[in-house]
Structure formats: structure tokens, C-alpha cells
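Go ahead and model the full structure; you've got the sequences and the hints to work with.
There are 2 protein chains.
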Amino acid sequence: MQPFDPPQRVLLGPGPSDVAPSVLRALSAPTLGHLDPQTFEMMRVIAERLRTIFETQNPCTLAVSGTGTSGMETTLVNLIEPGDRVLVAVHGYFGARLAEIAQRVGGDVTVVEQEWGKPSDPAKLRAAAAGRKFKVLAAVHAETSTGVRQELEPLAALAAELGALFVVDAVTSLGCAPIGVDRARIDAIYSCSQKGLSCTSGLAPVSFSPRALEAVAKRKTKPSSFYLDLALLERYWHGDHLYHHTACSNLFAALAEATRLVVAEGLEARYARHVRLSNALVAGLEALGLELLIPASERLHQLLAVKIPAGVDDVKVRKALLDEYGLEIGGGLGVLKGKVWRIGVMGSGATPRNVLLAVSALGTVLEANGFRTRSKATDAAGAAGAALAVR
Amino acid sequence: MQPFDPPQRVLLGPGPSDVAPSVLRALSAPTLGHLDPQTFEMMRVIAERLRTIFETQNPCTLAVSGTGTSGMETTLVNLIEPGDRVLVAVHGYFGARLAEIAQRVGGDVTVVEQEWGKPSDPAKLRAAAAGRKFKVLAAVHAETSTGVRQELEPLAALAAELGALFVVDAVTSLGCAPIGVDRARIDAIYSCSQKGLSCTSGLAPVSFSPRALEAVAKRKTKPSSFYLDLALLERYWHGDHLYHHTACSNLFAALAEATRLVVAEGLEARYARHVRLSNALVAGLEALGLELLIPASERLHQLLAVKIPAGVDDVKVRKALLDEYGLEIGGGLGVLKGKVWRIGVMGSGATPRNVLLAVSALGTVLEANGFRTRSKATDAAGAAGAALAVR
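If you read the protein sequences in the order shown, they are chains A and B. Take the first sequence: its letter number 23 is residue 23 in the numbering used here, and every next letter is one higher. Take the second sequence: its letter number 100 is residue 100 in the numbering used here, and every next letter is one higher.
Rather than coming from a laboratory, the hints here were simulated on the basis of the structure. Keep in mind that a hint or two might mislead.
Since the list can't tell identical chains apart, any single copy or any two copies may satisfy a pair.
[What the hints assert, rightly or not] Straight-line Cα separation of at most 30 Å, DSSO-like style, residue types lysine-lysine; simulated pairs:
#1 K337 / K376
#2 K337 / K222
#3 K319 / K337
#4 K135 / K220
Right under this line is the structure:
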């Protein structure tokens, strides 16, 4: 029975992203009780920093004790009562998950499917609504399965037309790219701790508008989940701190530190860093002769879906990257399994060092696996480096 | 924006308990992806060690990515379909929570209430069943709100009579006291990471018998929760590791280390340590003139409910313990709020040092708050010390 000694990876998959040393130190600081005044102070500060990053005034902003999917479920299980009409824009794996959870919690769900790799089209959603009113319109801002960016403004306008609460999945955008919750008239939003915020996984930031909270307060039935009951979570976080569950102070300390790093860097600077590093990575990947799945105009900077060249063994390449270079990139999900790699340029992992490593290691492994790269791995890294010099 | 620097507490409340240094170190080891082969290896080993501690052969043994309450909800949301008859033994706060969640997930719930401070009476449960069959019989093994121990064998026999799956809450017993899942014919059990296992909170060990899994497989409807869907969790843990949620490798590393410490100590030795330390604490508390809520024959060793003496200010005493000694003990829950303190003697926190500190600090604070302790704090600590000498 030896203790585990996890190796140092470079995490360039779709998340988790690289965790900063100060966040890992915060994680291992002494444990506090879930009702300790110092824990409450951490919660207050986390909520304040999340409001800054979400760009919202919503008092009901907190972190659910679970992963991003628990944030998705918290949002839906509290807003949807059995029989409520829900319109879901599906253009990838996580849109489909949204629809699935909306159905499980009893929603009368209308799914509007868009080909994976394109953003959803507001006109198609409007047509599917067919003049009916909806309780919720839900969409994914940054679709992690394809790397496509969804424009939020047109959907917010549609939600207003439909009398619907506008629900947004920001799992892969929070901390990487601007969201502007209040500006975009979002009523409920959820994310995760381990991507753009570069904390470990285990917490799901959520934020609800006063209008969304009113809808929760007007429910005729209790949410089917007690663990994710928003009224109880809100009371524990921002009310009289009544015990609801034994929240983990260590995760709170880590998220407090991770959000501190985000706010200290500044949102504009952080987003600009993601754009610059992503562009450099794209320059390197293209120099290798690889193609991106999504055209530049609709592409996420923080998550790139790269087409796997014909004849190249997906699993073999990712295994070589992990075993030889300790470098993690992601495989494809759902219909894109075996067809794309997903490379994250997120948070603390979005560094010049990681970009050069990704290009040169991927190039080297591809060459070793019989793929004729357009430029040599070293030249492609040079292309990425040249792009990095553009500020 | 200063980083937080959480103080070193001594955690003698109802949980979290003190976390061993090696567990905190494991927590802050480098983060791995949720699909990293080394993460899968940690999961395999965690499951194996949990089986040892649960004393079960159940292949379906894993840790849910949430706190103990998420374990409770996982168990109920998967076993209960809307309309299923559920019999719940309620003799404290957590029994009531069991009943509440069983209702939220659609169960046709029969609640049998027992006065708080006593264990549930199988005869009363049998009478309430009134000859009907039930899908589930659920009870709390170690009721954290009162410190009472429930005998499991008679309830297992009753479950068999009712044709019911036997569901047990072991949140405050796993790692502190014997459970013997297979011996006690338990079909589904859940616990937490932060009490008897002395990890941080954030993971909920669960185990399901083949019979319980069969009931899950036979469901006509999907569980209302996707996040806690057992079939998906089981596939991620023990099947082809299909992505379900982004589990936290840092929490896994910490739980792997915490369970390693439990298995290395040995179950018998660990339980004996809890008995010895608890008896010493009781000797000290009684020397102070304090009374325990629960008679020795029905009392948990790992969690003592101590009556707050008349005229003593609950909150003031706990605040003084925390502020002056960094010592956390718990207040009362529900009807016992303001009436009892709850002192945990759990896992890594169950040490002679902590017992002496608890007795002498509590005695000192009580004396300063006008309570005439039977013996001086120092003498009471001596009584605890003398009890510690008995092995």
C-alpha cells in the first residue's frame, strides 16, 4: 500500500486546466468547518469575485458543491417544474446534456438541433417556438465538444419574445472570454471551477437574476433535488448560513485564490492573453498542416477542435503525448469521437511555454506516426513563436 | 485582495474532523485529468479500500463527487421511482432528511417517528408497514444530530419481511465503528469523506448490492438526476470509464491516502481507538459535571451529544472555544438547537491530545462563564487522562 504520487502533467485538454501553485497551496491549507466564520468570509469573497467575473450585480451568486454538471442540474432543477415548457438550443454534446436534464426534471422540452460545429440559429429556434410562450430558453455559450462560440445577444432577445428565462452554459467560457451576464440579460448561468478559473474541479459557480429567483420562489412543487435546492443553498451562502451540506473549505480556499488571480490579472488583460495564446497555437497547428474544425469567425479561443488527419490513430497519438511528454489533450465526444482532438488554452495553462510544447510535441508525435507534417515540428513551433511576438 | 490564510483549527465537531498532514499533501499533489489512466488507477484503489472498510464484496462501490448529502440523494434517486413505497425510520435530523429526499424524488413515503435521542423501534416500523410490501426501508446507523446508535440487524430482518431494499446512512459511522455491509445484509449505503475517514469533504462513498443494482436496472423511468445517475457513475468508475462528469483528481488523491491510513491502521484497532478515546472524553466531561444526552448502551463513541447546562450561553461558549483555543465543537440541530453540544471523536482527530484539550478548554470556558464545574478543568483533564491509561 504505497501512497500515490501523481505525476506533473501539462493539462491542455478541455479541462481541467493547469492549476497555479498558489491555488494548490490554498487547497492544502488547514481545513475549516463548514460553519466556521472564516469559511463564511471566504464564501462572501468568492461570491464577490464571481460577480466581478460574471459581470453581474446578482446577489444570488455562489458556488455549488459539485462539478460543472451539478451547476447545470442546479439551474434546471430549480427553474423547471414538471410540465414547464423549455426550449433548448442543441449544437453539441453539452446542449444535448442540457436537454436531457431538462427532460429528467420533468420539463416539456422542445429541442432544436443544429449540425455540430455550427452555432445555433435564432431563426430556427423562433420557428420551433411557433408563437408559444416558454418558461426557459437554454443554450451553451462555449460548446466544449466542438469549440464553437454562440452569440448570446440574439438569444436573449428571443427569450424576451418568448417570455422565457434565459439560461446559459458558461462552463467553458467563464474566466476565458467575456460573458457579461447583466449586459447579455442572462437569467441563470452556471460554470465550473477547473477550466477558465484554473482551480481544481469540484465547485460550480452559478448566478441567478432577481427574476429567476422570483420564478423559483413561485414554484408550486419542491425541486426534486434537496442537494441542489437553490433556496437552501442561497440561505447557507448569503442568508443566516443555516446548515445545508458540509461544504469543503479546502475547495473554497482554492477557488478564492483562483478567482483572486483572475481579478488581479484583470478581465480585459486575461481575455486578451487567451486570444493571443490561442492565435499562436493555431499558427503552429496550421504550420503542421492540421485543420481546425471551426472557422475563425465562430471559433472559441480557449478550446480548439483540431481535425485528426486521415490515417492517424487518435488514441495512439494521445497516449504518446501523455506518456512521453506528460501532455494531456482531449479526444472527441459523441459524433466527433475519433474525428477531432480538443486542445484547451485556458486560464493558468494559457502560456507561451505550453503553446510551444503543444506544437512541437504534437508535431513530433505526428511525424513519428507517419503523418507528413507541412512544416517540421520545430519550424511549426517557430511559427507559433512568431505569432506570439505579435501583441 | 490578500490571499486567505486559514488558521489551524482542532476540529472536534460533528465533521469535518482533523485531516492528517499526508492527506492534505495528497490533496495538493499535481492535478490530473478525469480521464487520465492514473486517475482511473486511483479510483480502482479507492473502491478496493472502501470495500474493505465497508466490509463488502459489492463491485458497485465508488465515491460520488459531492458531500454526504449527495450520497444520500444518489441512493434514493436511483432506487426510488415515483410511487414506490418507502418506509423511513426517523429518530433525528438526518432521518428526517432521508424522508424529505425520498418524498422529493417521488416516493410514497411512510415516516415512523421516534423521539429524538432514542433509536428507532423495529416493532413500531413493522406496525406502520401494516403488512404491506415496500421497495425501500431506510434508516440512519449513526444519527449525527443526537449521537444515538441504531442496531442494524433487526432492521435488516424487517426489510427482508417487507420485501424491501435495506438502505443505511453511514455518514457518521464509516471509519469510526463497524458496519459490516454484507454481514448486515445492507443493499445500499452511503457515507462522507470528512468524518470517520478524515479526508476533506467533497466525496461521498456509496456501495450497492447486486440486488439493489438489479432494482436500478429494472427502472421504468430515468432517475430525475443526471449528475447522480448510478448507471452512469458506475460506468465511469468501473466500466469503460466513459466521461460523465469532471471528477476531481485532487480529492481522489486525498481519499486514496485517507483510506490507505484507515486500512493500514486496521479496522479493529481503529474502532478500539475510537472507543478508548471516547470513553476518556466522557470521563472528563462527567468529571466537569456535564451530562451526556444518550445512555452509554445506545451511545455512539464517535459523536457525543452533551447537554448544555442551564444558564450557560451556547453560542458564547462555542465562540470562546473557537476564538481562544481554535477548537471547534458543534451546536445542536433542529429541536436540539441550544440544548446540546456535539463533540466528535473521529478519525485522525481521535487523539489523546485532543481529548485533554477538549476537556480542559471546555472546563476553563465554562468556569469563565459562571458554570460551577464539578471538578476543576485541570482535575477533569486528569480524569480523562486516567481513563486514557486504561487500555
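These are the hints, each one checked on the structure:
Taking the closest pair of Cα atoms, K337 and K376 come within 30 Å of each other only inside a single copy of the chain (27 Å); across copies the shortest separation is 70 Å, beyond that limit. Taking the closest pair of Cα atoms, K337 and K222 come within 30 Å of each other only across two copies (25 Å); inside a single copy the shortest separation is 38 Å, beyond that limit. Taking the shortest alpha-carbon separations for K319 and K337, only the intra-copy value of 15 Å comes in at or below 30 Å, while the best inter-copy value is 55 Å. For the homomeric pair K135 and K220, the shortest alpha-carbon distances inside one copy (14 Å) and between copies (27 Å) are both at most 30 Å.
No hint from the list above goes unmet by this structure.
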